[in-house]
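Use these hints to put chain L onto chain F, whose structure you have.
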Amino acid sequence: MFDNNVLVGDNLAKPAGGASLAPPVARPDSLCQVTNLCKSFPSAGIVLDNVKLDLTRHQSVALVGANGAGKSTLLRSLVRLIEPDAGDIHLLDTPVMNLGASKLRKLRSRIGFVFQKHNLVPRLSVLSNVIHGSQARIQGPRAWYQGLATSQVRADAMTCLERVGLAHLASRRADQLSGGQSQRVAIARTLMQRPELVLADEPVASLDPKAGTEVMSLFTEIMRQEKVTLVFSTHSLDHALAYAERVVGMKGGGIVFDKRSRQTDKTDIQTIYETQ
Amino acid sequence: MPISPAVSRLPLLPDRYARPSLPSFMAYLVAFAFAMVSIQNSGLSLERLLVGLPSISRMLDQMFPPDLERISSIGWSLLQTFQMAVAGTVLGIVLSLPLAILAARNISPHPVVYVLSRGLISFFRTVPDLVWALIFVIAVGLGPAAGTMAITIDTIGFCGRFFAEAMEETDAAPAEALNSIGASRTGMIFSAVIPQAFPSFINSSLFSLEKATRSSVVLGLVGAGGIGIELKVAMDLFSYDVASTIILSVFMLVLVVENASTYLRSKII
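So the protein lines, in turn, are chains F and L. With the working numbering as the guide, the letters of the first sequence map in order to residues 758 to 1033. With the working numbering as the guide, the letters of the second sequence map in order to residues 104 to 372.
One or more hints might be untrue.
[As the list claims (entries may be wrong)] Okay, derived cross-link-like pairs now, SDA-like style, lysine to any residue, Cα gap no bigger than 25 Å in a straight line:
#1 Lys370(L) - Phe310(L)
#2 Lys860(F) - Arg288(L)
#3 Lys335(L) - Val360(L)
#4 Lys967(F) - Asp1022(F)
#5 Lys370(L) - Leu926(F)
#6 Lys1016(F) - Ala999(F)
#7 Lys335(L) - Gln186(L)
#8 Lys860(F) - Asn282(L)
#9 Lys314(L) - Val193(L)
#10 Lys874(F) - Asn282(L)
#11 Lys863(F) - Arg288(L)
#12 Lys874(F) - Ile174(L)
#13 Lys370(L) - Arg880(F)
#14 Lys335(L) - Arg161(L)
#15 Lys863(F) - Asp845(F)
#16 Lys863(F) - Asn209(L)
#17 Lys860(F) - Thr289(L)
#18 Lys874(F) - Met338(L)
#19 Lys335(L) - Leu245(L)
#20 Lys874(F) - Gln299(L)
#21 Lys874(F) - Phe301(L)
#22 Lys874(F) - Asn209(L)
#23 Lys874(F) - Leu998(F)
[Said to hold, decoys possible] Derived contacts from chain L toward chain F, CB cut-off under 8 Å, selection only:
#24 Ala276
#25 Pro277
#26 Glu279
#27 Ala280
#28 Leu281
#29 Ser283
#30 Gly285
#31 Ala286
#32 Ser287
#33 Gly290
#34 Ser294
#35 Ala295
#36 Pro298
Just so you know, the hints here were simulated from the structure itself, not pulled from any lab data. Cβ coordinates follow ideal geometry from the N, Cα and C atoms, glycine included.
Isolated chain F, as found in the complex (with noise of 0.2 Å):
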């Protein structure tokens, strides 16, 4: 059995044992350190508990576990969408944890997110739902409707969405595409955001399982041709095998087991899924 409080990722040289209240020590080819993190809720009670995970540059992880296991809270608590109740995170050489708005908005402008629902404004065509992305870089009314956007902004724009094969698209309400257009619409949309990180939460989940396969396929293509790190959450195995290089088990809120992807096995992933 798996210690929640232990990380024995390959690639990560922690020491077994208990957690420790220090804080973290940066490795040059780190992206995103988490120590100690916590969070619970009123409803559904401890979520995150006392997690550790150390992320590094170039990278493509998977985290896996049942409903329930923290993975979603996970990723939103490492942009602060969720506060968590404690612990310490750094991320692209920031502490994250005491950030206010200002230097928050920043850091995460850095920071793609990927949702499970896509997320698109659905009466606006494709294109200004990408331009959307470039409120990462630009403020004021240009980066809001593809009207208002300067012509390099739309042809950043349409070049994203050429990237995801959706440039015939451009014109289409976002209400009128299938999920797995929509996906793909958010993907360049988080393109257009020029990220160092992208977190994706179940980014396939609502689609059909060929329609998964493809989105999946493309999305960890993209990411792995801009050196971007990705971090995905997911329910399937096949996914987190085939597009990940590194899994990430959890289960009631703990890391469980973080191994290379070749070297989990079905023993792995019984143990995230067997009745807690």
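Relative to the frame of chain F, chain L by itself:
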């Protein structure tokens, strides 16, 4: 047809209507009694209506045919009335948008700002437009300016509430997506919240214009410009044929505005 054994084994069906509790029953009874007493105290009676019928008949007789001699001046007054409605509505919509943003719970910058904005909108809405017209006639004198200001305030009360509620009902997910990438609050409101609430904005604005068109006629009765004052003079002088021309003109205007509004609503939304 005999009931099959399968059907006879069904559990007892629930009552079609739930039996009210004693406090509910008493509340219904009091409400009904109050409505009855109100009708009685209003002085309505079939006898009085029957006695008044000849007067109505005489008035209708004098109303037709309508006097078209003053149709030109009535036309200009009607145009002025409609312009009051349009100007008041446009100004009201423009001013209500920022107030509605402050009064929408999900995007208001602070709870105190939310409460104050909601309070101001409620105040604008609960004071009748005729009272606003009386106040503005005192403030800026007789004429269309007072009527336009009254309609503006009334529109802020109407649109402010419905705009705020429309923004509160929008899906929070697109705004969360923009929040997650560091977009500004203004960016989130204009990129994610307002586009979702836009159909409701159009709907409320068109209803507001219809409402303002009807109001602008009545506001003239207290000197706030428009055709209302012409109608009052015609009625006071027993010139019922002129009055009928005015009433029919107003009817045409309201009909045109309502139909145009319905058409635009179907096209835009």
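Hints and how they fare:
1. About 15 Å separates the Cα atoms of Lys370(L) and Phe310(L), which keeps this hinted pair within 25 Å; it holds.
2. Taken as a hint, the Lys860(F) and Arg288(L) pair is honoured in the structure, with Cα atoms around 14 Å apart against an allowance of 25 Å.
3. For a cut-off of 25 Å, the pair hint linking Lys335(L) to Val360(L) stands: about 23 Å separates their Cα positions.
4. Taken as a hint, the Lys967(F) and Asp1022(F) pair is honoured in the structure, with Cα atoms around 24 Å apart against an allowance of 25 Å.
5. A distance of roughly 23 Å separates the Cα atoms of Lys370(L) and Leu926(F); the hinted pair therefore holds under the 25 Å criterion.
6. Using a Cα cut-off of 25 Å, the hinted pair Lys1016(F) and Ala999(F) holds, with the two alpha carbons roughly 14 Å apart.
7. Distance check on the hinted pair: Lys335(L) and Gln186(L) sit about 20 Å apart at the alpha-carbon level, within 25 Å; holds.
8. Restraint check for Lys860(F) and Asn282(L): satisfied, since their Cα atoms lie roughly 13 Å apart, inside the 25 Å limit.
9. At most 25 Å may separate the alpha-carbon atoms for a hinted pair to count; Lys314(L) and Val193(L) meet this at roughly 13 Å.
10. In summary, the hint linking Lys874(F) to Asn282(L) is supported, as the alpha carbons are separated by about 15 Å, within the 25 Å threshold.
11. For the hint linking Lys863(F) to Arg288(L), the alpha-carbon distance of about 13 Å falls within 25 Å, and the restraint holds.
12. Using a Cα cut-off of 25 Å, the hinted pair Lys874(F) and Ile174(L) is violated, with the two alpha carbons roughly 61 Å apart.
13. Between Lys370(L) and Arg880(F) the alpha-carbon distance is near 15 Å, which keeps this suggested pair within the 25 Å criterion.
14. Between Lys335(L) and Arg161(L), the direct Cα distance comes to roughly 19 Å. Compliance with the 25 Å bound is thereby established for this hinted pair.
15. For the suggested pair Lys863(F) and Asp845(F), the alpha carbons sit about 19 Å apart, so the restraint of at most 25 Å is met.
16. Among the hinted pairs, Lys863(F) with Asn209(L) is consistent with the structure: their alpha-carbon atoms are about 23 Å apart, no more than 25 Å.
17. Among the hinted pairs, Lys860(F) with Thr289(L) is consistent with the structure: their alpha-carbon atoms are about 17 Å apart, no more than 25 Å.
18. Restraint check: the Cα-Cα separation between Lys874(F) and Met338(L) comes to about 63 Å, which exceeds 25 Å; the hinted pair is violated.
19. This hinted pair checks out: Lys335(L) and Leu245(L) have alpha carbons roughly 15 Å apart, not beyond 25 Å.
20. At roughly 16 Å between alpha-carbon atoms, Lys874(F) and Gln299(L) fall within 25 Å of each other, so this suggested pair holds.
21. For the given pair, Lys874(F) sits about 22 Å from Phe301(L) by alpha-carbon distance, which is consistent with the 25 Å threshold.
22. Restraint check for Lys874(F) and Asn209(L): the C-alpha separation of about 20 Å stays at or below 25 Å, so the hint holds.
23. For the hint linking Lys874(F) to Leu998(F), the alpha-carbon distance of about 23 Å falls within 25 Å, and the restraint holds.
24. Satisfaction of the interface hint for Ala276(L) is found here, the shortest Cβ-Cβ separation to chain F being roughly 4 Å, below the 8 Å cut-off.
25. Here the hint on Pro277(L) is kept, as its CB sits about 5 Å from the closest CB of chain F, short of 8 Å.
26. The interface hint given for Glu279(L) is met, as the beta carbon of that residue sits about 6 Å from the closest beta carbon of chain F, less than 8 Å.
27. Hint status for Ala280(L): holds, given a least beta-carbon distance of 4 Å to chain F, under 8 Å.
28. Because the closest C-beta pair between Leu281(L) and chain F is about 6 Å apart, less than 8 Å, the hint holds.
29. A cut of 8 Å between beta carbons decides the hint on Ser283(L): the least distance to chain F is about 4 Å, and the hint holds.
30. Given the 8 Å rule on beta carbons, the hint for Gly285(L) holds: about 4 Å separates it from the nearest Cβ of chain F.
31. At about 4 Å, the closest approach between the beta carbon of Ala286(L) and any beta carbon in chain F falls short of 8 Å, and the interface hint on this residue holds.
32. Because the beta carbon of Ser287(L) sits about 6 Å from the nearest beta carbon in chain F, less than 8 Å, this interface hint is met.
33. A hinted interface residue such as Gly290(L) counts as satisfied when its beta carbon comes closer than 8 Å to some beta carbon of chain F; here the least separation is about 5 Å, so the hint holds.
34. This hint holds: Ser294(L) has a C-beta 5 Å from the nearest C-beta of chain F, less than the 8 Å allowed.
35. Nearest Cβ of chain F to the Cβ of Ala295(L): about 5 Å, under the 8 Å cut. The hint holds.
36. Taken as an interface hint, Pro298(L) checks out: its beta carbon lies about 5 Å from the nearest beta carbon of chain F, inside 8 Å.
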